[in-house]
Structures are given as structure tokens and as C-alpha cells.
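Colleague: Note that the protein sequences, when read in sequence, are chains F and R.
Note that the working numbering has the first sequence beginning at 1, numbered continuously upward.
Note that the working numbering has the second sequence beginning at 1, numbered continuously upward.
Read the hints as simulated data drawn from the structure, not as lab findings.
Please read all numbers here as calculations on a predicted model, not as lab measurements.
It cannot be assumed that every hint is accurate.
One copy or two, either will do: identical chains are not told apart, so a pair holds if it fits within one copy or between any two.
Restricting the straight-line Cα-Cα distance to at most 25 angstroms, the calculated cross-link-like pairs of lysine to aspartate or glutamate (DMTMM-like) are [unchecked claim]: (1) K146 x D203; (2) K146 x E247; (3) K182 x E283; (4) K172 x E85.
Protein chains: 2
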Amino acid sequence: MKRVAIAGATGAVGTEMLKTLEKRNFPVSSLKLLASERSVGRKLVFKGKEIAVELLRPEAFDDVDIVLSSTSGTLSKQFSPAAVERGAVVVDNTSAFRMDPKVPLVVPEVNPEDIKWHNGIIANPNCSTIIANVPLFPIYKKFGLKRFVSCTYQAVSGAGAWGIEELREQTKAYLAGEPIVKNKFPHQIAFNVFSHNSAIGPDGFNEEEAKMIRETRKIFHDNSIIISATCVRVPVFRAHTEALHCELGVKASPDEIREVLSTAPGVKIIDDVPNNHFPMPIESTEEYEVRVGRIREDYLFPNGIAMLISGDQLLKGAALNAVQIAELLLNL
Amino acid sequence: MKRVAIAGATGAVGTEMLKTLEKRNFPVSSLKLLASERSVGRKLVFKGKEIAVELLRPEAFDDVDIVLSSTSGTLSKQFSPAAVERGAVVVDNTSAFRMDPKVPLVVPEVNPEDIKWHNGIIANPNCSTIIANVPLFPIYKKFGLKRFVSCTYQAVSGAGAWGIEELREQTKAYLAGEPIVKNKFPHQIAFNVFSHNSAIGPDGFNEEEAKMIRETRKIFHDNSIIISATCVRVPVFRAHTEALHCELGVKASPDEIREVLSTAPGVKIIDDVPNNHFPMPIESTEEYEVRVGRIREDYLFPNGIAMLISGDQLLKGAALNAVQIAELLLNL
């Protein structure tokens, strides 16, 4: 049994962490829910019992074994080391430590062995990266993966609970013919798509695209994979969709890809050509698996394979992956 | 002055053809609006004058010089030859004749000279193809284009006026907590994205993707270009967005690409990195130009260039391109 804390417990990911711990029957002996001042005193339910939210502060990590953290990068840099000092292991969903060479970056279906060398913090990768990595890794292992590009169709939940609220409010306003209020997203999201609202680096790639590139290489332990991405927000509530165009190391037919993916952990093949039924975010919502379909030979590359995937950003892209890492810690 | 007919005048594209003829002051001496039985008698306004819709039938093409046609492939196969027999030139927006070797397929910014060899019918390309071709062609001419992939974010208007209605009705129902009715799209479009609802060929590519591949080669007169695509519908009303990842023939910097595009016809560069402001469908709606941004060197290929583009599916992707072809006919 573990003494668990959730840092950022009232956020979009935090509340899913709570539900996922309960759903997967994680052996919790005590549970602390931590958040910023304005959420203190709010009550959340875990296994039928109300738990009051406490203030996120270093002392809150006393008597805690595992912290599931989904705050901000800034808060994580402040509080994760404080938790580690107090003897806890932190599974951190922010980008604060992901590229730190002393911190493992783990997708349990890909590199579970990396948790062994943790120094108190284990980083949970970026959502669109996890969702791409789950089906790509078994393909990489069997056929090699020279390069791939991911074009994403990312839900607003990736921005947090306010993203969901903003899409809903803007959509209502649009349909009522009222002016659209932009609170947090830089552009209207209702009935629109826009290039991901993260900062653009000197190479012209935005932060979300850069994460796909560098995090995948770290997780796969292979810096030779050539990766590119275009990350785009779409007016969808919570699951991400990605079009992947890949060059494999050797030729593989769509059937060979299907065979590999049919036994791959965390993958669900939805590839119903006659009914034009493929991965869609409304169907991957609240599912643990990454849906994969539109598997076809890709004209783009000599050993090309293209596919369309969709996974729940809040679950496999965040909360579920973090809880799976915590489960790995149980057997460490 | 020309005697003009619009076949399919009451559809989403037909009504834009009417507006575009007026807006661009096309020299119309007489105008017939043709549609199926259920629209006969409806009145549409052209230059302040009401015109009653007539039945689409072969005799309706008597005394017509130019037909702008946006019906269905089946209707076009039936009525376009009938119009040609009566002496009209048909600019056809359906896919019926696009790949016919006797029919030119024209994007006026790319291959205007092809109208010269028409035999009565000139085909208007598929919407997402036109929108990609406008910025790609000047790049192709200057630097070569070995291969590209387009991942699309396609508006519902591409399916016709009913697509717009279905998105609106489903969104209203969703927000009201009422059941979502699927009338024509195979899947819920409100707050969802799905693989383009066209038939999948034996190679696994859907019809929309196949059009991008074969039509681009015909328009560019270059079968050596390697093309791939993933076409996806998004809950956006009328403009299409596309992420393009391209391998050029020679190295070109983003600045060199910008320079070429800055004087390219039909292109508008929107590439404001500090403000994260790039092409978006709500802003390209009702614009004639294709917006281009996120121009960056692409890691995917040796001479790679990536960009994000957006263009009005009903205008440049359909009605405007057809009227531009009609304008070329004036000087033939």
C-alpha cells in the first residue's frame, strides 16, 4: 500500500488521476489532494469518501510515497524537488524535467525499464508524444523507423480545464449570434483550427512539435529517428488525433503492421474500410487504448506506412500514463 | 458579353458562383440559374435583379455561351455533354471529367494555358487540391518539388450546404444535451474529426486523397512528383486548412520561400511568429487568396520545407476558381 498525493488535483488531468487511481484499484493507503490557494477546502470524492483539498506546499509531501503531479512547469520545478527531499517519488506530468538526463521519461508500453534509474522524479511525456509512441514503438522494434511526420488534431483539454470551458462558451456564443470572447486561447477555437498555441522556436517549430521530436528520441533511446510535426488545435473536447506518415527500416505490408499492432499493448485497431470507420476523438474519449486505423502503404516513402490514430489526451496522454508509471514503481 | 448559366445554382458552390460573377463584374449578358425540380421557381438575386431558378435539362443550355456547373458527378456526365452539343463551354466543378485526357484541369495561377486545348469542357479541380496547388506551384517552378504530403483539416462546406446545416444542428443538440442526429455524414461532426467520408480505394487511400495525388500531377504536368495525403474532416464551416511537408529539388531557406510566395498570384503570407498568428479557416473564409504561414525548414527531408495553409473551400476551392477559368475564356 502506498501513501499517495496528487499535486494539481483539481485540474483537468488531476481529476482524471484521481478517477484512474480508483478505477485501476491502485493500492492507496492514504491520499492527499494538493492544489493552489483558491482550491483549498474544495472536496473531491475517492472511493466514496470525500477528501478536502490541501494547499500545495513542501510540508504537504511529508508522509507521502508517490506524488502524481500535474501542475505547471514552474510549480513543478519548485515542488517536485521538495517532495523528493521528503522521500517521495514524483511522477511529473509537466515539461519541467522531461529532458533532464537524470530523469527518466517513460511510456510504460515503450521503456518501462527506464524507471529503474530514477532519482526521485520520473517524467510523464507530452500528450501527443505518448499517443504517437504507443503504436509506433512496436512497429519500430519489428521493422525499424527511419523517419515520421505527425500532423495533429489536438483537443482543447490539452490546455487544461479552461480550454474545455472556452470551447463550450465560444460555441454557444457563436450559435446565439453573440460576440465571441477569447479568454485564454489566442484565437477563436469554436468552428476554427489554429497552429498550436505554444511558443515558436528559432527553427520555426512550436514547443508542442519540438516535444514530439525530442521526447520520442529520448523515450526510444534513438537519436537517429528523423521526426517532424505540425501541431494544430481543433474544436474537439478531449481526445487527440494524429495523421502519421512513416518510413520504416524495411518494407512492411499493411497486414504485417496490423499483425504487429494486434498484440501490441495499449493499441486498439479500428480499421473498418467498408464502413469508413476509423479512429475518432469522440470514440477514443475515456478509453485507455490508442486507436489505430487507416493503415496503408504510404506513397511518400520507399518503405512507407501511413495511419490515423486517436487517443484520450487526459488518460493515455496524461493521467493514465502517470498511474501506469506509479504501478511500475510498486514492483521496483 | 457572355450568356451564362449556373448549373446547380442553389447549392453551396452555386450560390458562391453567382456572388463571384457579380463581385468580379463578369460580363454577363444573360444569366440562367438551373437546378433540380425541387428548387425550380426559387428566386435568387443577381445585381439587384431577381432571377427564377429553371429546371436543369438539356434544352436549358440553348443560347448559353458559358456554363458554370456544380452539380453531382452523375448529373454532370449527363448534362455537360448536352450543353457542349448546344455550343456552350462548360466549367465543371464535379469530378466527372477531371482525369479525362481530353479535358483540361485548370488552376488559373498554375496552368492557364491548358484552357486552349479544351473540347467544350474544362474541369475545376478538387477543393483541397486547388488550395495546395496555389502556393506549391511557384515553389515547384523555382526550387523543384520531389515529394509532399498534405494532412488536411477540411470544412464541412466541402460536402455541400447540408454539411454546414448538419454541423450547426449537431452542435446545438450537443450543447443542449439532446441526442445528435446524423443525417448525411457517416459520423458525428460536432466536436469531432473523422477520416474524410469518401470511398476508400484498394490502396487504402480515400477518394479525396487520391484526387490530391492524381489531380496535382495532371495540373503540374509532372507525374514524377511523389504525393501522399491524409484527408480529415473537422468541425469548421467553410475554409480548408492543410499542413504541407515538402521535399524540394534544391535547398531553399524559409526566407527564399517567402520571397517567392510574396509575389505569387493568389497567395497571402500570414506568418506572424511573435503573435502566433498563422493561417486559420475563420480568417480565410470569404477571401480569394490562399493564406500561407508556419514556413519553416522541415527536418523530415534533406531539402525540406513545411508550411500551414488555409483557403476558402467555396471560393478558391470551387466557385472563384471556376469564375477565373471563365475569365480566361473571355480572352481565348
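Colleague: If any of the earlier hints don't hold here, list their numbers in rising order.
Modeller: Per hint list: single violation, 4.
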